[in-house]
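A.B. asks: The sequence shown begins at 2 in our numbering and counts up one residue at a time.
Mixed in with the good hints, there may be bad ones.
Stated by the list, open to error - Now the in silico label distances, taken between C-beta atoms and shown as ranges:
id	residue 1	residue 2	range
1	Val-146	Glu-123	15 to 21 Å
2	Arg-180	Gln-100	16 to 22 Å
3	His-189	Ala-43	39 to 45 Å
4	Glu-103	Ala-35	51 to 57 Å
5	Glu-128	Glu-29	32 to 38 Å
6	Glu-28	Glu-113	35 to 41 Å
7	Glu-106	Glu-28	38 to 44 Å
8	Pro-148	Val-45	24 to 30 Å
9	Glu-176	Ser-135	20 to 26 Å
No wet-lab data here; the hints were simulated from the structure. Even glycine gets a Cβ: it sits at the ideal position worked out from N, Cα and C.
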Amino acid sequence: MASDTTRDRVLGLIASAGPITAAWLAEELGVTPAGVRRHLGALVDDGLIAEQDQPGTHVRGRGRPAKSYVATTEGQRSLTTAYSAVAVDAVSFMREHGQLDEFVEAKLAELENSVKDAVPSEAPMGERVEALASALADQGYATSVRPGPGGYTVQLCQGHCPVQSIAESAPEWCEAETRVFSRVLDVHVQRLSTLAGGAHVCTTTIPVALAAPKEG
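With these hints in hand, go ahead and build the complete structure from the sequences.
C.D. replies: Listed below in structure tokens is the structure:
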């Protein structure tokens, strides 16, 4: 049972924070590198995670870059328990009967109402994004915040979506979710990738500072 729990934690961390290395996982989980590698091997064999070359300074024997890991589509699906094929069929039914847009807007309005009070409107943007990420995590999203290039943006990353199958059937869901983020943060945001679109993480770029004006 403990082994299964560690395996689930490994998969959950990779889904929320990937790409990450075995060394990072071992330190985060407080287990031996050998123990982590055993779980990683099993998850790779099961098709739930995949290896990536990690750029940067992390190296292993003979100067090769350390491997990092991301969750595959199947890995994302294995984390999902909040819906079933019935929900996807319901999406198709609503689309056929012209009810889908109304449904999506209503459900995303619920999401907005559930997270907006957690986001301090007068705080610096970085703090607002962190607060939104925490509120989304409470809703079942595996969220993390990463710095963007130059320090002018951050990326809100969602490594797990509790309604991924629905979003795959209804791209309108992701579009409405992006609008919710923009309204809650009171700033224009840009969705770069989605789990529903086949990426290993949903990524939304959010400006936190104005770029310095170009000289001349």
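A.B. asks: Does each hint fit the structure? Answer for all of them.
C.D. replies: Now the hints, each set against the structure:
Taken as a hint, the range 15 to 21 Å holds for the pair Val-146 and Glu-123, whose Cβ atoms sit roughly 19 Å apart. At about 19 Å, the beta-carbon gap between Arg-180 and Gln-100 stays in the expected band of 16 to 22 Å. A C-beta distance of roughly 43 Å is found between His-189 and Ala-43, which places it inside the suggested range of 39 to 45 Å. Our hint of 51 to 57 Å for Glu-103 and Ala-35 holds, since their Cβ atoms are close to 53 Å apart.
Checking the proposed 32 to 38 Å range against Glu-128 and Glu-29 shows it is violated: the Cβ atoms sit about 24 Å from each other. One distance hint, 35 to 41 Å for the beta-carbon pair Glu-28 and Glu-113, holds here, with the actual separation near 36 Å. In this structure the supplied range 38 to 44 Å holds for Glu-106 paired with Glu-28, their Cβ-Cβ distance being about 43 Å. Between Pro-148 and Val-45, the C-beta spacing of about 29 Å keeps the proposed range 24 to 30 Å intact.
Checked against the hint of 20 to 26 Å, the C-beta distance between Glu-176 and Ser-135 comes to roughly 23 Å, which is consistent with it.
Hint check: a violation occurs at hint 5 only; the rest are consistent with the structure.
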